[in-house]
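Protein chains in written order, with the numbering used here: chain A, 1 to 133; chain B, 1 to 676.
If you are wondering where the hints come from, they were derived from the structure by calculation, not from laboratory data. Mixed in with the good hints there might be a few duds.
Claimed, not checked - Each computed DSSO-like pair below joins lysine-lysine, with the alpha-carbon atoms no more than 27 Å apart:
id, chain 1, residue 1, chain 2, residue 2
1, B, Lys486, B, Lys501
2, B, Lys671, A, Lys116
3, B, Lys632, A, Lys43
4, B, Lys635, A, Lys54
5, B, Lys588, A, Lys109
6, A, Lys129, B, Lys671
Unchecked claim - Quick partial rundown of chain A residues pointing at chain B, CB under 7 Å, derived from the structure:
id, residue
7, Ser72
8, Gly76
9, Arg77
10, Ala82
11, Leu94
12, Lys116
13, Val118
Cβ atoms here follow ideal geometry from the backbone N, Cα and C, with glycine treated the same way.
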Amino acid sequence: MRRASKKVSPTILVGFIVGAIILALLGGWIFGGLNDPFRGVEKIDPQAYIESAKPFQGGVFQFQGEIESELSYETGRGRLFAFRVSSPSGQVVLPVLIPEKLGRISPQKGQSYRLKVVGQERGLLVVQKMEKI
Amino acid sequence: MLPNNSMKYLAFLIIGIIAPSMSHGQASNPSPPGSNSGVFQAQGNLPSLPLSGSNSQSSSGIPEPSTGLDGLVWDGKKFTVGDVRIFNSKFVGYLNEPEEEINEEKSYQEDLAKILDSLDVFRVRTDSKAKILQEILPPLRKAMRNPRDGGQCRAIYNAIGSDFHGRDDIAGKNMRLKELSKEVDRIRWNMKVTANPSAMEINANPFTLDSRKVELQNLQADLEAKIAEMKSLSENTQTKVSESRISLQRVIVSLFLTRHFDHVMIATSIYRFLYSDGAGAIEIEDSVIAAASENAKKMRAATSYDRSVESDNTVGFNPGKGFYSNNVVHRNNVENGIVSILPSMSEVLDKQNSLKLAVLTNIPKEMTEFESVTQEVVDQTNRMMKSVQSLLSQGLYDEATQRLQEALLAGEHLSSLRVFSFEKRQTLWSYLRKKKEVLASISSKDYADATKKIEEMKGTSKDSPFVKELSEIKNLQGASDMYIAKAKEAASRGDSEGVNKALEEAAKIWPQNPALTETTQLFSKSTQGKDELKKLLQQKNYDYIMKESARFLAVASDDPALLAELKSVLEKETKAVAFKERISELMKRGDPAGAWEEAEKSVIEHPGNMDLIKLRSDAAVACTTFVQQIEKAKKAEEKRDPVAAMSLYLSARSVYPSSTIAKEAIERLSKEILQK
Numbered sequence: 001m002r003r004a005s006k007k008v009s010p011t012i013l014v015g016f017i018v019g020a021i022i023l024a025l026l027g028g029w030i031f032g033g034l035n036d037p038f039r040g041v042e043k044i045d046p047q048a049y050i051e052s053a054k055p056f057q058g059g060v061f062q063f064q065g066e067i068e069s070e071l072s073y074e075t076g077r078g079r080l081f082a083f084r085v086s087s088p089s090g091q092v093v094l095p096v097l098i099p100e101k102l103g104r105i106s107p108q109k110g111q112s113y114r115l116k117v118v119g120q121e122r123g124l125l126v127v128q129k130m131e132k133i
Numbered sequence: 001m002l003p004n005n006s007m008k009y010l011a012f013l014i015i016g017i018i019a020p021s022m023s024h025g026q027a028s029n030p031s032p033p034g035s036n037s038g039v040f041q042a043q044g045n046l047p048s049l050p051l052s053g054s055n056s057q058s059s060s061g062i063p064e065p066s067t068g069l070d071g072l073v074w075d076g077k078k079f080t081v082g083d084v085r086i087f088n089s090k091f092v093g094y095l096n097e098p099e100e101e102i103n104e105e106k107s108y109q110e111d112l113a114k115i116l117d118s119l120d121v122f123r124v125r126t127d128s129k130a131k132i133l134q135e136i137l138p139p140l141r142k143a144m145r146n147p148r149d150g151g152q153c154r155a156i157y158n159a160i161g162s163d164f165h166g167r168d169d170i171a172g173k174n175m176r177l178k179e180l181s182k183e184v185d186r187i188r189w190n191m192k193v194t195a196n197p198s199a200m201e202i203n204a205n206p207f208t209l210d211s212r213k214v215e216l217q218n219l220q221a222d223l224e225a226k227i228a229e230m231k232s233l234s235e236n237t238q239t240k241v242s243e244s245r246i247s248l249q250r251v252i253v254s255l256f257l258t259r260h261f262d263h264v265m266i267a268t269s270i271y272r273f274l275y276s277d278g279a280g281a282i283e284i285e286d287s288v289i290a291a292a293s294e295n296a297k298k299m300r301a302a303t304s305y306d307r308s309v310e311s312d313n314t315v316g317f318n319p320g321k322g323f324y325s326n327n328v329v330h331r332n333n334v335e336n337g338i339v340s341i342l343p344s345m346s347e348v349l350d351k352q353n354s355l356k357l358a359v360l361t362n363i364p365k366e367m368t369e370f371e372s373v374t375q376e377v378v379d380q381t382n383r384m385m386k387s388v389q390s391l392l393s394q395g396l397y398d399e400a401t402q403r404l405q406e407a408l409l410a411g412e413h414l415s416s417l418r419v420f421s422f423e424k425r426q427t428l429w430s431y432l433r434k435k436k437e438v439l440a441s442i443s444s445k446d447y448a449d450a451t452k453k454i455e456e457m458k459g460t461s462k463d464s465p466f467v468k469e470l471s472e473i474k475n476l477q478g479a480s481d482m483y484i485a486k487a488k489e490a491a492s493r494g495d496s497e498g499v500n501k502a503l504e505e506a507a508k509i510w511p512q513n514p515a516l517t518e519t520t521q522l523f524s525k526s527t528q529g530k531d532e533l534k535k536l537l538q539q540k541n542y543d544y545i546m547k548e549s550a551r552f553l554a555v556a557s558d559d560p561a562l563l564a565e566l567k568s569v570l571e572k573e574t575k576a577v578a579f580k581e582r583i584s585e586l587m588k589r590g591d592p593a594g595a596w597e598e599a600e601k602s603v604i605e606h607p608g609n610m611d612l613i614k615l616r617s618d619a620a621v622a623c624t625t626f627v628q629q630i631e632k633a634k635k636a637e638e639k640r641d642p643v644a645a646m647s648l649y650l651s652a653r654s655v656y657p658s659s660t661i662a663k664e665a666i667e668r669l670s671k672e673i674l675q676k
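Put together the whole structure using the sequences plus the hints.
Next up, the structure:
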């Protein structure tokens, strides 16, 4: 006489797999977020900015944009660039100052960057950190 | 003596002809004193132009051209005459009068020649009066019946008849005188016998004494009556002779003054024939001249002049006084009477009468003088007529006309003038008419017409009488044009008084100057145009001003302020038009953003230009996003939000990379933003 074998329920198996995947994703998000330097930085609202830049003074924002052109250079202050940024109502071009302390970065027209900026006097966005995408 | 006197008499004859014409002409066309007598008065030279500052101008300072006729020339002497119409009346009549029938004239001249031949000065002394009279009377009768005769031969014939009647009367009276003489002798004898009877009777009867006394008284009365009749008859005979002579003298003077020179020759010959006591040198009775002078004096108020001379013989020698000094001598020479033979312009009657006197006091006093002067006139007239024929054949009508005028003035009744062909007279009349038309145009200051007619006349006659006038006209036209230029110059300075003054002067010189009419109309239009332009500028109706820019520029040319305003408007409007053209072109090329930018600039420069505003609106519809971003950017700038404005301009530029508005703003704002 053969003894009857003990079988695993398929429902439990599916649940296990899903749980494992969730855990993996959650772990990845947690570990990834910890390593993201822009984590917790507010994304800029380009439409609001072009309506009025002054309220952005003192705030730290992040956004992704493509270099459209270099506008100007001021010794001791840095270089002013135009970044094309997407917004729900269309593309907006924002003026951003790359200070001289970030002089090692040499952005070129057409390159896309992820930027962390701080709103200074009259709402001018000054780069704190920027990463090429 | 003859040549000088001939000239004198010829001159007087001419004046004698002129005088009645002159007085008639002026009486029928009186002109008030001080009126424009220059039209008819001869003027030696044209007064200089007023610009030259000459004093040879009319009282009003307006230069006037001469009328073309300065008088007449006789034998090299020039006689200035004041009225061109003097010549016209007689001369025009002559030119339009048919010529004399050749046969009639020939027959008439033959009769006159026969008479003159019969009255040969030597025959008059040798042949009997009866014979000569029988020779001259038939041709004289024939001549006086000739239609060509104007009663001159009849006057001579009657004078001869009168003389012979007088002679018959005198012959009868002479017979009566002889009878009376015999009767007187008889009465005297009878008286002698009656007074002394003893001579005839032996025994005297004392009772017959009374009857003798009575008879003697009767004889005495009869004698006195006869002697008185004799005296009366004698005086009457003398008067008759004198009257006959004077009568013929009057005929001669009359024929001379009326320039019937052919008849003067006959009448003087007849005079010599009838009264041969002076061998042809018989003086005209003073009574004829004196009576004429007295008549003339009665008609004219006498004038007087004083030729008193004062001489100061400061040093001299007088046999009676010795040496003298300061011997002042007065010599008075006051004359009363007619001093001037020239007529006063204001006294028409006086003029006529003074000329009458001038003629009467200067007529020849001797028959020989009459004959000489007459022969001279006839000869000169004939020579002039030959000259006229020659000049006509050469086509020199002006010279021919002048010579014919001169010939007519003296030799009006001479054969050479009477047979001058009608065809030739009409040729000269046609020429004279044209000349008068030119003079009329000059007188009325219609210089353009005068110039045209003078040029036409050059094609008719080879000699041009208006060379001087043509030159004068050109000068006057130039002067008038200069005043017009002065008016325009004054207008450009806005000097309306100067304009009016200059135009007035130009009109005075040449009233029908076409440039004057043109300028006056222009000024009139200009005034109207200025008002219109000012109204349009006020209404800002620049479109219409632009359309009529050429007219308005001309209108405002003399008003510096208005012209400056107009030029400014036209400059702006020209730019606006250029903007419109560029905007339309950009729209056509599918560049609405570019068109909007251009329109935006144009509206800033021409804020009130509705066309540009409309074009801007049309362009904005075609590029809404770009326009909105630019508008927002501008508002942000106004709110002193340069960063937002910069962002908007950058966005706009991304839409329309060629945007100059965005480019300029970005450059401007970049600097501003980077400044601390």
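We went through each hint and held it up to the structure:
1. Note on lysine 486 of chain B and lysine 501 of chain B: the hinted pairing holds, with a Cα-Cα distance of about 9 Å set against a maximum of 27 Å.
2. Distance hint between lysine 671 of chain B and lysine 116 of chain A is fulfilled; the C-alpha atoms sit about 23 Å from each other, no more than 27 Å.
3. Our distance criterion of 27 Å between C-alpha atoms is met by lysine 632 of chain B and lysine 43 of chain A, whose separation comes to about 24 Å.
4. With a CA separation close to 14 Å, the supplied pair lysine 635 of chain B and lysine 54 of chain A stays within the 27 Å bound.
5. The hinted pair formed by lysine 588 of chain B and lysine 109 of chain A fails the criterion: a straight-line CA distance of about 33 Å is larger than 27 Å.
6. Restraint check: the Cα-Cα separation between lysine 129 of chain A and lysine 671 of chain B comes to about 24 Å, which is no more than 27 Å; the hinted pair holds.
7. Of the supplied interface hints, the one on serine 72 of chain A holds, with its beta-carbon coming within about 4 Å of a beta-carbon of chain B, less than 7 Å.
8. The interface hint given for glycine 76 of chain A is broken, as the beta carbon of that residue sits about 9 Å from the closest beta carbon of chain B, more than 7 Å.
9. Look at arginine 77 of chain A: its Cβ gets to within about 6 Å of chain B, closer than 7 Å, so that hint holds up.
10. Interface restraint check for alanine 82 of chain A: the shortest CB-CB distance to chain B comes to about 5 Å, inside 7 Å, so the restraint holds.
11. At about 5 Å, the closest approach between the beta carbon of leucine 94 of chain A and any beta carbon in chain B falls short of 7 Å, and the interface hint on this residue holds.
12. The criterion of a C-beta within 7 Å of any C-beta in chain B is not met by lysine 116 of chain A, whose closest approach is roughly 18 Å, and the hint is violated.
13. The criterion of a C-beta within 7 Å of any C-beta in chain B is not met by valine 118 of chain A, whose closest approach is roughly 13 Å, and the hint is violated.
When each numbered hint is compared with the structure, violations occur for hints 5, 8, 12 and 13.
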